[in-house]
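S.K.: So the chains spell out like this:
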Amino acid sequence: MILPLVILYVVTLVYLSITERFRTYASIIGLQGWILFGVALLRLHRIDLPELLFISVETLLFKTLLVPALLFAVIRRTHIHRVRTSGSSQFNALLLSVGAAAAAITLTAAMADGNIDRVFFGVALYAVLSGLILIVVRSRIFSHMVGFLVIENGVFLFSMAVGTEMPFLINVAILLDIMISVLMLGIFFMRIGNKLHADDADSLTNVKD
Amino acid sequence: MFPYLLTALAAVAAAIFGAPLRAKAWVALAVVAAASAWAGSTAIGVLADGAPRILWQADGFLLGGGGGSMDTLSALFVLLISLGSVASVLYSHGYLAHSLAEKSPAHVSLHYTALTVMALSMLGVATSDGGYTFLFFWELMTIASFLLILYDAERRETVRAALAYLIMMHIGFVLLVAGFATLDRACGSADFAALAGYFAGRNPLPLFLVFLLGFGMKAGLFPMHVWLPQAHPAAPSHVSALMSGVMIKTGIYGILRVTAQLADLPALRTAGLILLGCGIATGLWGILLASAQNDIKRLLAYSSIENVGVILIGAGVGTLGLAAGNDTVAACGLCGALLHTFNHSLFKSLLFFGAGNVLTQTRTLSLDALGGLGKHMPVSALLFLAGAAAICALPPLNGFVSELLIYLGLLDGIAAGSGVPAAAAGLAALALIGGLAVLTFTKLYGTVFLGAPRTHEVAESTEVDRVRIAAMALPLAGILLVGLFPQAALDLVVRAAGALAPEAARGTASLPPVMTAVCRTAWLLIAVTGLLYAVKSRAQRRRIRRTGPTWGCGFTAPNVRMQYTGESFAEGLQSVAASVAPRSGEGRAVDKSELFPAAHNFDAEHKDRIDALFAAWWVEMLRRINRQMMRLRTGKVNHYVLFALLFLVTVFLLSVFNLIR
Amino acid sequence: MMTTSLLNTLLACGVALAIPGLINRVRARLAGRKGIRFAQHLYDVRLLLRKGAVYSPTVSALFRAAPAVYLGAAFTALLFIPVGDLAPLLSFDGDLICFAYLLALGRFALILAALDTGSSFEGMGASREALYGALAEPALLFAGATLALVCGCTSFADLTAGALFVSMSGMHTAVVLLLTAYVLLKLVFVESGRVPVDDPRTHLELTMIHEVMCLDYCGIDLAMIKIAGWFKTAALALLAADTALMAFDCRWWTAAPLAVLLTGAAVGVVESTRARNKLVRNTTFLLTLAALAALVFFTGYLLQSDIEIR
Amino acid sequence: MLLAYFILSVLIALATFRAGGRRTVAMLGTAFFAVQFALAAALFRCGFRGGAEALFFTPDALGSLFFVLLAAVSALVFIHSRDYLADCAIADYRRYAALQMLLTAAITGAYFANNVAVTWIFLEATTLCAAGLVYFRHTEHSLEAAWKYVFVCSTGIAVAYLGILLLGTAATGGSLGYEALAREVTHGNPLYLKTAFVLILCGYSCKLEIFPLHTVGVDANFAAPAPASALISTGLVNAGFVAVYRIYRIMMQTEAAPWVRSVLLLTGVASLAVGAFFLRRTNNYKRFLSYSTVENMGIAAIGLGIGGPGVWAAVFHTACHTLVKSSLFLQTAVMHGIYDDYRINRIGDYMRINRIGAIGFLLGAVLLLAFPPSPLFVSELMILGGVLADERWWLAALLLVLLCIVIYSFVSRIVRLCYQPNQDAVHRPAASHRLAWTALVPLGAALVLGLWQPEALRALIERIVTI
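Going down the list, the sequences are from chains A, B, C and D.
Using my numbering, read the first sequence as starting at 5 and increasing by one per residue.
Using my numbering, read the second sequence as starting at 293 and increasing by one per residue.
Using my numbering, read the third sequence as starting at 19 and increasing by one per residue.
Using my numbering, read the fourth sequence as starting at 15 and increasing by one per residue.
Here chain A stands alone, though its shape is the one from the complex (with noise of 0.2 Å):
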């Protein structure tokens, strides 16, 4: 049952990289959200119910409901629906991410080692590279957003392929990260909209030498 979860989840990498709409970017957040959460229930159904309930809730209330939300909110506001095309073209996105995805699978297949699932590091792996593809081949602080969250995604992904094994600090970690997100979503929705007006990272390039 977690493969063809996985397997969704690399597809909805795929689809972030050639996509332009941000209505979409944010409902791939929010399925990444419920896959995760799909995950979390399938894999960590060995430790004990606390711990459990405790990961659970806290992806289902951030990662599928809170975020998405927030990003929607957000598109709702400053009414910028694309990212721009000054950025790269589709096509070269999709050539990037599948440059990412072949490097990722080169590493993988390198570890010979059946310590952890391999797949799942190599799904967050290429989870964290589609996020930093996505933040430097896209120019507006959204996309740029969604790429955090992308990477964010994927490390969760991963900590809960090793979770059973070191949980409290993993838990206190996530929790920081994704608390961290909304922080940042919080900023952009609250000061930078109000201040800059515009979503465009182009406006935001004043500090420089």
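Honestly, the hints are just simulated from the structure, not real lab data.
Pairs of lysine-lysine residues, derived as DSSO-like cross-links and limited to a Cα-Cα distance of at most 30 Å, are as follows: (1) C:K296 <-> B:K884; (2) B:K667 <-> C:K69; (3) B:K899 <-> B:K884; (4) C:K244 <-> C:K296; (5) C:K244 <-> C:K69; (6) C:K244 <-> B:K667; (7) C:K52 <-> C:K244.
Bear in mind the structure is a predicted one, so any value in this text is a computation, not a measurement.
Given the coordinates of chain A, assemble chains B, C and D onto it according to the supplied hints.
M.R.: The following block gives chains B, C and D in isolation, referenced to the frame of chain A:
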């Protein structure tokens, strides 16, 4: 040792910063004089009994040793440094007096602190055993001298020159680090003494070359001399004197120290040839460019390069003598090199002080704007003349004694039939250098001090204060002492040479009679000349003496602008040596076809070809790289993250292709 | 010892006084004239010595002292030169260098004196003198080095001391020594300002070298400069003569006449038959001379190595 | 002990948020730094040998060394800030003071954490506190810088987290404590370790201010008030260093060690290059000093990269860099008070306007460029010597060129500041020397360290370095 140094530095800085503006020079002088007196007396003690003294013992945790000791070689350099530093600080009082009001007191304090630190660090360099302590003092000396050059930091040229100096010194420093680190890795100690062990076991040439380049950077070895002619005109004159007269000698010191550790005969021979070759190139290049210069201090700077060349010729001859087992040649070469080092510090200080006098009294250093200063500043002119004659190695002054020793080494080598071609090359170069030095310094002295003043300001200049004259008298005393009593000087350098090579000390038996004869000749020359002058004056007293205008060869309306300028004086040589020092300049000279020339404005300048070599391609390359790098500064978050992605990809690819393991 | 040295000095002075006379005589004869009397130059100098002086307001004390330095240096230089097998008054290892630098001292003084007048003509002459002097230096030292190489010693006195070159006889050595003498003779032309380098009889200041430098001198000063010139000429001439004779048998009674005859005849002949060089060609002339000296030196070196191999 | 420290510190910091007046803030600050120095004294009493382990913290030698430096620098910054921010509203000031205290406490947490994850958590916490300081001025610039800082740091740190998790999986025991990791990871899969290391290094580079994520640190220093920059580019950078160094030490016991060193060399050289080239072109003194931090941390990374004596040098370099850089940033604060500008081409003649400041700046520059009597001279000499003794000529040549560029750019700028005739005709107010001592004290300390490293300090670093 370092805690004491810390306390000393803090105390000196506090004293100088706390002193009133005019008294800062005296505080610095007191400190430098005290240190010099102590170091000098120790040095004299060492030279007297020949036994090395251990001065301090620092625990060495880095690059081997941290000890300091003084053998006879160090003692000679300590003596030289002490004299030069005291004279410079003494001179600075009067030299800076007129500019104190324009500067911030903090800046003046900084200058004097740096001056003191410079003197102390040079003493440290000359007495360190090697390794960390040596490098420490070496770099301290560099940074102190850098701050000293910056006295007129408002001027852009000054800053540029100081920076060029600093960068070149840093390159030299890294080379020295390379040398000491290699030594440390191989022998477990980075003392100079450990070099002997290193050289004995391995191919000594690479390390020797690394040290030669590293020290050569400081000494102004061709083609690494380019900083000298830039830094000296930029620096205040007492600093030029200190740097040119004393500091570059630390480079010589290092080269000699390293060479002395070579024991293997073929290696010695190669080293000797390298030194001789470097000396010939440096000397000729220096004098050819010196003769072309039209700025007093630039000219003096090139002349320093030339003298470094002469010193290296001496060192090369001495080394070749050692290699050939000819003790006399070795003794002559090494003693000559050492004595010339000492002598050069004397007359070059004197000449730079003289240039400083000219600058403060006339506000210009351009040869072709000066003239006739001899009548307005008679004492300075006389002192400068002594320096000029000494640097041309004319008897009966000190330059002659040291060059004679080097020549003797060359001639003895030829007479003994060992290494004849090399010696002949050295001889020819030295002869040409000597001849051109006369040309250069007659040009300098003649255009600046003789004839009629070319500008109004020059005509109104006056003599400098007594303190400065006293500061100049200090090196003059040395010049006369060495020139007129060469036996004593020889005795001194023979002991110093003994620390370099014991064989050399054995080969000096034939030298004392020569020195006695030189002494006799010198006095005879003085006596004959004095007698002739006295007789002439006496005879003329009874005759008619009239004053009339200079014979104009029939031209009835001569003016002061028609005098032969420095540029025209050296034109004959420049037509031969145009490939070395191409003339560039603004304006156009009068053409041959112009029968009735209109007004022409022509400003000639002679560039050093090596300058272009150093400035051109790699600076341009760096600038281009820099410009490309600047494209990265977009301020975009995308690109910030792009760096990370690129980094990951690079590491990934490098690992995949096994480029990093 | 002392007496021979004094004799040596006297002889050298005699040579110095004789050479200009002979030159004049030779020149006159070659031109088909009877010529002035042999000692005319001495009378001229006596006349000068009796005169007063005119000084330019531009000049400083240096100008007045320069002739004394010039003459003093030239005289001291002469003291190093042995006449044949006589011992000179001054001698030490490497006195060759001292000799060269004493000449340089004289030149230094005279150039500065010329520059002191502030005259552009004198500056011109000084500039030329400085350049030619510098370029002549390698030739002189190469000649000295050749002597050192051939004889294995570095002082003039030892060179001519006869006993030294027992092992050195032979054609090779003779050739090298004669060539060296030739170089030295050419140096006489340069150092004493003779055709083809300089023409002492010219009346156009623009083309003068040595003469233009002393334009402002008169009276005793000029006399001293002239005498110094004789001494310089004599010193180099004696050196050339010694070198030439070293190949055979070097005695004072051969060396002194030879010096006078050689120089007198050579200078006289050349001045009668050749024109002065164009000034720009002087540089080439001097460089060629230096190259010749180097060539002689290396010939000597090769021959000597050859001898040693045998 | 450590727990008490954290509780007290955080409580005081939280109380500062609610302080009523400047006097209260000052009192709270005194209390806060009393706590800091009490801890420092306690650490000193047990000879930095590490007392009792408290939950996730171990006061070991490494943490203690940097903590002492942090406490000193932070206290100086606090004192300096009081005057620097004399004319801003109390609400702003107390927020600033509280954030500074929180940042100090968070950095301390990162120093002493004995667990990879805890270090990570505290580093994340520092991001938040530092962002608050960066956003202090509420200008567009500071907002932008704060946003970039938070965003890129969070991204970086998320990436680092992936590395940490991977490191955890490489170790078999399931604990993320450093000691446990060091024990278990020795025979771990090298590929895991390498991937983990490169991800962690890449992520932490935003704190350590080395390539690739050095940019945000520079921006943050630029936008933050100058005294805060002093803390960010020393204490916080050291936190990054400590975090990377602890991982580095673990890695040194594994098969991946040579690879790790190569990666560090690569990073170091890249940082040095970036620092050097950007130093050359930047037109703002604070950015300028930040790039110098990039460059110096690059040198430290190279030190770690060459191993052997280089590690000692790297630790020493970082420690001494703290002193010099904090002094220089505090001096820019003074400079700002005079010129109200940081632009290099607009200000000059400092030597006349503020003598003490100019001398301090010059001295600081000399020390920072590793000329004797600088402590950095010792470390750079060791690193250079190490590179050269290993006969890595290309690396040495590259270092030489880059260091020359650094020296050139740095010196030309400092000389301009001190001597270039002032561009504006405005008459400058006479500088107040009241706070000069805050900047000069660390400089003096650096000077002392340059000439004389106490045996105890050497032994301490020796202990940090020995595995």
